[in-house]
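Student: Construct all of the structure, not just a fragment, from the sequences and the given hints.
There are 2 protein chains.
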Amino acid sequence: MIARDLAEPYPHVTTDDQAVDAVRLLAEHDLAALLVLERDGTPYAVVPGSQLVRQLVPEYVMEDPLLAAVIDDRHADSLTEALAGKTVAQWIPARAFKPAFVGPEAGALQIAALMARTHVPLVAVIDRDDDGRRLVGVVSAASLMRHLLDVGGQG
Amino acid sequence: MIARDLAEPYPHVTTDDQAVDAVRLLAEHDLAALLVLERDGTPYAVVPGSQLVRQLVPEYVMEDPLLAAVIDDRHADSLTEALAGKTVAQWIPARAFKPAFVGPEAGALQIAALMARTHVPLVAVIDRDDDGRRLVGVVSAASLMRHLLDVGGQG
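Those sequence lines, one after another, are chains A and B. Counting in this note's numbering, the first sequence runs from 13 upward without gaps. Counting in this note's numbering, the second sequence runs from 13 upward without gaps.
Hints were generated in silico from the structure; no laboratory data involved. Don't take each hint at face value.
To be verified - Label pairs and their calculated CB-CB ranges:
id	chain 1	residue 1	chain 2	residue 2	range
1	A	G144	B	G53	50 to 58 Å
2	A	R36	B	A106	33 to 41 Å
3	A	H131	B	E50	22 to 30 Å
4	B	P23	A	M13	37 to 45 Å
5	B	P21	A	L78	12 to 20 Å
6	B	K98	A	Q102	41 to 49 Å
7	A	P23	B	E20	20 to 28 Å
8	B	T99	A	P23	45 to 53 Å
Glycine residues also receive a C-beta, built at the ideal position from the N, C-alpha and C atoms.
Tutor: What follows is the structure, encoded as structure tokens:
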């Protein structure tokens with residue numbers, strides 16, 4: 013089976029959506045990663061859950077683990093306050109979270125290797141035509157495993 | 013809110029379960045990570061989806077991305093064949109996937125910082141008493157964000 017057939021729709025936000033809605037999407041659907049699309053539907057970023065959490069932790073806390081242990085929970089207010097009014101594009105640096113992608117003809121093993129190498133559990137499947145790039149869908153780690161188990165079951 | 017209150021049950025396998033059932037659990041529940049417990053209920057490993065996929069990709073393919081692109085999908089048979097008859101403990105090296113954990117009194121920010129640093133979207137909450145260590149539950153990236161959004165909403 014190739015990427016075109018493995019690709020599925022996945023919940024997403026766009027770069028213009030509110031950052032807080034991006035957090036809400038991941039939280040409500042228990043998503044492994046956040047998929048962000050540009051206005052034209054091409055992928056802007058894919059952020060694993062642990063790294064979306066990272067975007068909420070102040071830099072001075074990341075640099076000092078002991079500090080994280082003593083700052084109490086009331087600080088959580090300011091974590092989400094930092095999101096207020098920001099769009100996804102303003103909050104998430106595209107450069108840090110470039111989506112991994114393959115063409116529609118890529119095989120399951122190629123997608124698996126890419127996922128493993130990038131440590132990101134979503135690979136975008138992109139088609140190129142005369143009008144530019146178009147998102148066919150995404151392959152998640154879970155859907156890839158569903159496919160591999162089916163193949164193995166028949167073998 | 014502290015770790016004790018944030019901790020929730022999470023689908024898991026044990027070290028004695030079949031490796032193929034571990035893959036099936038992640039696939040069927042769209043889990044962000046696989047939680048593996050020892051027989052006594054203490055955490056053995058936490059494996060993010062992308063790295064569980066990694067465990068299915070042969071080493072020679074990881075080392076040569078061009079090879080992944082040309083090996084076709086029939087190879088997927090042998091990926092799951094490699095799992096056949098193996099237990100989770102035989103398949104997943106504990107050393108590579110040591111679970112991140114906190115005590116029951118850890119705060120949300122401490123958990124967030126740990127998750128961000130380890131790149132693993134599950135943190136185990138462990139209580140120590142006279143009988144040894146006991147798993148209280150786990151905090152996922154999604155559940156942590158649900159909590160942070162609630163706090164922010166009240167602030």
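Student: Are the hints correct? Go through all of them and say.
Tutor: We went through each hint and held it up to the structure:
1. For the pair A:G144 and B:G53, the beta carbons lie near 53 Å from each other, so the given range of 50 to 58 Å is met.
2. Distance hint check for A:R36 and B:A106: the Cβ-Cβ separation is about 35 Å, which falls inside the suggested range of 33 to 41 Å.
3. Distance hint check: the CB atoms of A:H131 and B:E50 are about 25 Å apart, consistent with the given range 22 to 30 Å.
4. Judged by the Cβ atoms, the range 37 to 45 Å given for B:P23 and A:M13 is violated: they are separated by roughly 26 Å.
5. For the hinted restraint 12 to 20 Å between B:P21 and A:L78, the CB-CB distance of approximately 30 Å leaves it violated.
6. Between B:K98 and A:Q102 the beta carbon distance is about 47 Å. The supplied range of 41 to 49 Å therefore holds.
7. Taking 20 to 28 Å as the suggested C-beta distance range, the pair A:P23 and B:E20 conforms, at roughly 21 Å.
8. The hinted range of 45 to 53 Å is not satisfied by B:T99 and A:P23, whose Cβ atoms lie roughly 34 Å apart.
The structure fails hints 4, 5 and 8 (numbered hints given earlier, in ascending order).
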